[in-house]
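*Asks:* Letter by letter, the chains look like this.
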Amino acid sequence: MNNMTEAFILLLAGFVVVFSVLIVLIAVVTIYSKIITSIQNAGKKKKEARNKNKEVVVSAPPAKAPTAYVPQTQDEDDGEIPGEIIAVIAAAVDAVYGEKKHRIRSVRKTRASRSAWSRAGVLDNTRPF
Amino acid sequence: MEILQQLWQIICHLMEESGFGKLSWENYVMVGISFILMYLAIKKQFEPLLLLPIAFGMCLVNLFPGIMGLPTTEMLTEAEMLKRNLDPSTYTTTVVNGMTYYNHTEYGGLFYYLYQGVKLGIYPPLIFLGIGCMTDFGPLIANPKSFILGAAAQVGIFLTFIIATAMGLFSPQEAGSIAIIGGADGPTAIFVTTKLAPQLLGPIAVAAYSYMALVPIIQPPIMRLLTTKKERSVVMGQLRPVSKLERILFPIIVVVIVALLLPDAAPLVGMLMLGNLFKESGVVDRINKTAQNELMNIITIFLGVTVGATATGTVFLTLQTAGIIGLGLFAFCLATACGVLFGKIMYAATGGKVNPLIGSAGVSAVPMAARISQKVGQEENPGNFLLMHAMGPNVAGVIGSAVAAGVLLSVLGK
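These protein sequences, in sequence, are chains D and Y.
Going by our numbering, the first sequence wraps up at 165, each residue one higher than the last.
Going by our numbering, the second sequence wraps up at 1042, each residue one higher than the last.
Since the hints were made in silico from the structure, they are not lab data.
If a hint is listed, it holds; no wrong ones were tucked in.
Examples of chain Y residues toward chain D, derived with CB under 7 Å:
1) P772
2) F786
3) L873
4) V1031
5) A1032
6) V1035
Note that the Cβ used here is the ideal one computed from N, Cα and C, for glycine as well.
Excised from the complex, chain D in its bound form:
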């Protein structure tokens, strides 16, 4: 019985400590992420102001025949995203959504969040068993 009382105390202590340590970590990670993001965003805004026209906006009809689709926008002429790449993206979207109604509103470049090798690793892990 003595052992059981101790066991229950440990159970409660375990719950409290594990959850509180991890909740403290949640709070700290959230706060420092916000601080860093806001600092970095302030710097980025200046850059973005200069590169405003770099974003490529594509408006496409429902992609029933994605291979036949050729984007016709002024921004495309900047050479930022080649037409073939947009066609491939449209084809990929069509392959995933198939018969479901879908529309590609815009295609824009995102800053790579991880290296090519790291993405290759993710791809390797997501491959079916």
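Dock chain Y against the given chain D, drawing on the hints supplied.
*Replies:* Using the frame of chain D, we list chain Y on its own:
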């Protein structure tokens, strides 16, 4: 005739000295079990990197127990020393009742010395160093709420501790070591067991690694049972990109907080975060590569064979071991279930934005548990990619199980 008799005596002596004469039936059973484990590792590829050395260590120690033998000191008289062609002047002496004895030390077996890394708690933190070098905490930083799922899966550890204690078969220290199997983290289980109940190291390590290897078989039925089709089909929003500065600061902040709050978890969490800092800082590429490849592989070999070598027949084939194997499985299933149930709570709390399947990844078998979340999620919706979302709770589970280990060590280790 006399020659024949002498020849017979020599043959009899050799037979007595051989394994056939010295081994008991338990040893042969364990050799059989090691063959099954080798089959699972080679043919079925169940965690072969660990299961194969464990199985071979188990096989070797049961065929030749001396390989794990302790060093011994014999006290010999001068006459005995000379008989053995030993030079008495190079030995220390002990005087008993006026008689001088020479201390002749026989060295221990190979595995005895390699085992010191396990016994002294050196290998598990070094394994964590390598894991840290290979772990991407990005998904966890992008979605810190994943920490809750990592904590939820540890609930299984403490519930199993209660049940193991209630059974009356185990002391609180032993119950704590068994319960940590629920964390699905081999190095943590070994680290805790060497400190709390070293006598149970063999069965606990074998159970922990076996269940880690069996994650793809154990987890999916529990996940399907506890979730609805609608919940499993939830597609989660894309995670935000995480900046390099956030990645570099993460290990430093975590180690400061955990080491201050729970010093007993510091060796494991500290080494995990050191490895991660090597990776994320990007300035110590050579060390990073060594820690996650050569060092990790060397330690894995030593850890595997010596953990396997603790599973000798007389220690392993007991009712207690059966209890450990059963309770370990229970702990693991419970941890999975708690993770999924907390995932359901988060699903309800966020209005259906969180897929509860990522909760099962809160057990820390990295990255297998996250891959299972991905696989089960894709069964419902082939276009659903849960892997990166599941990696958050998965790596949080590693930190969570190390924290749970710290709690068990600080309460039971005194």
